[in-house]
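Participant: Sequence:
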Amino acid sequence: MEIRNLIAEDLDDVLDLRRRSFGPLPPGDNEKWRRAVLPALGEGRYLGAFDGSRLAAAARLRRFTQWWHGRPQPMAGVAGVTVNPEDRGRGVGSLIMRAVVERAAALGDAVSALYPATTPIYRSVGFEHAGGQYKVRLPAEALRQIRPSGQVKLRRMGPDDAGEVVSLLHRVHSATRASGPISWDETTWSLWLENKDDFLYLAEDGFVVYRWRGDDMQVENLVAGSAETARALWSLVGSASSVARKVVAAVAPDDPVLWMLRERSSEEVRQSRWMFRVLDVAAAVERRGFPAYVSCEAVLTVDDPLGGGGSWRLEVAGGSGAVTPVERAGVTLSVNGFSALYAGVPTATLRLSGLMSGDDRYDEALDTAFAAKPYMLDYF
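Taking numbering that gives the first Met the number 0, the leading residue of the sequence shown gets 0, the next gets one more, and so forth.
Honestly, I wouldn't trust all of these hints.
[Unchecked claim] Computed cross-link-like contacts, BS3-like style, restricted to lysine-lysine with a CA-CA straight-line distance of at most 30 Å: (1) LYS152 / LYS245; (2) LYS195 / LYS245; (3) LYS31 / LYS195; (4) LYS195 / LYS372; (5) LYS134 / LYS152; (6) LYS195 / LYS134.
[What the hints assert, rightly or not] For each label pair, taking beta carbons as the anchor points, the in silico distance ranges come out as: (7) TYR292 / SER52: 55 to 61 Å; (8) GLU262 / ARG87: 44 to 50 Å; (9) ARG170 / VAL268: 25 to 31 Å; (10) GLY318 / GLY43: 32 to 38 Å; (11) THR186 / LEU24: 16 to 22 Å; (12) ALA321 / GLU30: 29 to 35 Å; (13) ARG155 / ASP50: 48 to 54 Å.
Hints were generated in silico from the structure; no laboratory data involved. Using N, Cα and C, we set each Cβ at its ideal position, and we do this for glycine too.
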């Protein structure tokens with residue numbers, strides 16, 4: 000089995016592979032999919048496993064920005080992991096996932112994330128459960144009752160606003176010290192903002208993307224940098240309450256909209272879990288944000304069978320972190336365990352699940368430094 004970069008001539012085979020794995024793309028979406036994946040081909044971000052000349056499996060590394068405690072960094076979003084039915088059970092999936100991890104690290108990404116269809120294959124190459132995409136189902140009338148100030152100016156947006164959307168996400172996620180949310184690159188945003196079935200509105204410090212979903216409304220993305228803009232955007236979505244009874248919205252776990260509702264007793268929340276992997280310990284720590292008031296250090300050993308392991312002294316101060324190699328071991332974590340710690344999973348959970356062992360004197364400091372409630376609004 001040979002792993003190589005996919006080229007444009009392979010895309011018909013990739014579409015067939017996707018059809019056998021996920022079902023066919025909706026009518027008319029094939030051309031849009033081709034436009035979306037072509038940049039990945041040129042960047043070496045779409046890999047295929049070939050049995051001779053026959054495509055057996057494929058996986059794509061999407062270019063994202065991801066925020067951790069308000070600090071953005073490049074992230075490899077693993078998507079489109081597909082294996083032909085006749086090749087399943089032969090270890091092809093594990094083979095291409097190891098190649099994906101190695102390629103992402105070679106491209107300079109220090110972290111990676113994916114939405115798993117199954118856990119074991121991804122866990123076997125170092126990915127661990129970290130956060131979720133949270134979708135809450137709310138009465139449309141409850142959103143209509145959120146009263147805006149009337150001073151927020153909204154306008155419709157389109158592909159030419161992609162740069163403003165990316166800039167806005169940087170401003171808002173940094174200011175709110177968010178952990179986990181992602182942004183597509185500007186080119187991809189331009190493609191998504193072409194969708195004629197979406198309702199797209201932009202304010203000075205926020206935007207919303209929503210659409211009809213059967214008889215309900217679905218909020219794909221709503222980001223706001225002020226209370227006034229948040230109220231204006233949610234009220235806009237709720238204005239469909241004369242027709243839509245429910246709104247299904249992707250939100251943060253402690254999204255402000257839940258505190259804007261007049262009545263709140265129980266909520267219907269669906270979680271799609273995502274997994275996370277640190278590819279380069281030193282770069283991932285250096286690129287992550289930390290609480291400005293935390294000053295601590297710890298010695299830890301990360302066991303990574305794919306080559307990224309070692310022992311380090313971790314130092315956190317002034318909102319930043321750094322690691323330096325050391326000879327002695329301290330806290331011991333598998334790469335799965337360190338990835339989960341990075342995403343805010345408590346040390347007690349890691350120890351009881353067997354992902355962490357050894358010296359426990361650093362546990363409280365690690366919990367404080369890496370504390371997070373990671374989430375994503377986007378599914379990929």
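Participant: All hints are to be evaluated individually against the structure, with a verdict given for each.
Facilitator: How the hints compare with the structure:
{"no.": "1", "hint": "LYS152 / LYS245", "verdict": "holds (25 Å)"}
{"no.": "2", "hint": "LYS195 / LYS245", "verdict": "holds (22 Å)"}
{"no.": "3", "hint": "LYS31 / LYS195", "verdict": "holds (13 Å)"}
{"no.": "4", "hint": "LYS195 / LYS372", "verdict": "violated (34 Å)"}
{"no.": "5", "hint": "LYS134 / LYS152", "verdict": "holds (27 Å)"}
{"no.": "6", "hint": "LYS195 / LYS134", "verdict": "holds (23 Å)"}
{"no.": "7", "hint": "TYR292 / SER52: 55 to 61 Å", "verdict": "holds (59 Å)"}
{"no.": "8", "hint": "GLU262 / ARG87: 44 to 50 Å", "verdict": "holds (49 Å)"}
{"no.": "9", "hint": "ARG170 / VAL268: 25 to 31 Å", "verdict": "holds (27 Å)"}
{"no.": "10", "hint": "GLY318 / GLY43: 32 to 38 Å", "verdict": "holds (34 Å)"}
{"no.": "11", "hint": "THR186 / LEU24: 16 to 22 Å", "verdict": "holds (20 Å)"}
{"no.": "12", "hint": "ALA321 / GLU30: 29 to 35 Å", "verdict": "violated (46 Å)"}
{"no.": "13", "hint": "ARG155 / ASP50: 48 to 54 Å", "verdict": "holds (49 Å)"}
Figure legend: structure checked against the earlier numbered hints; hints not met, in rising order: 4 and 12.
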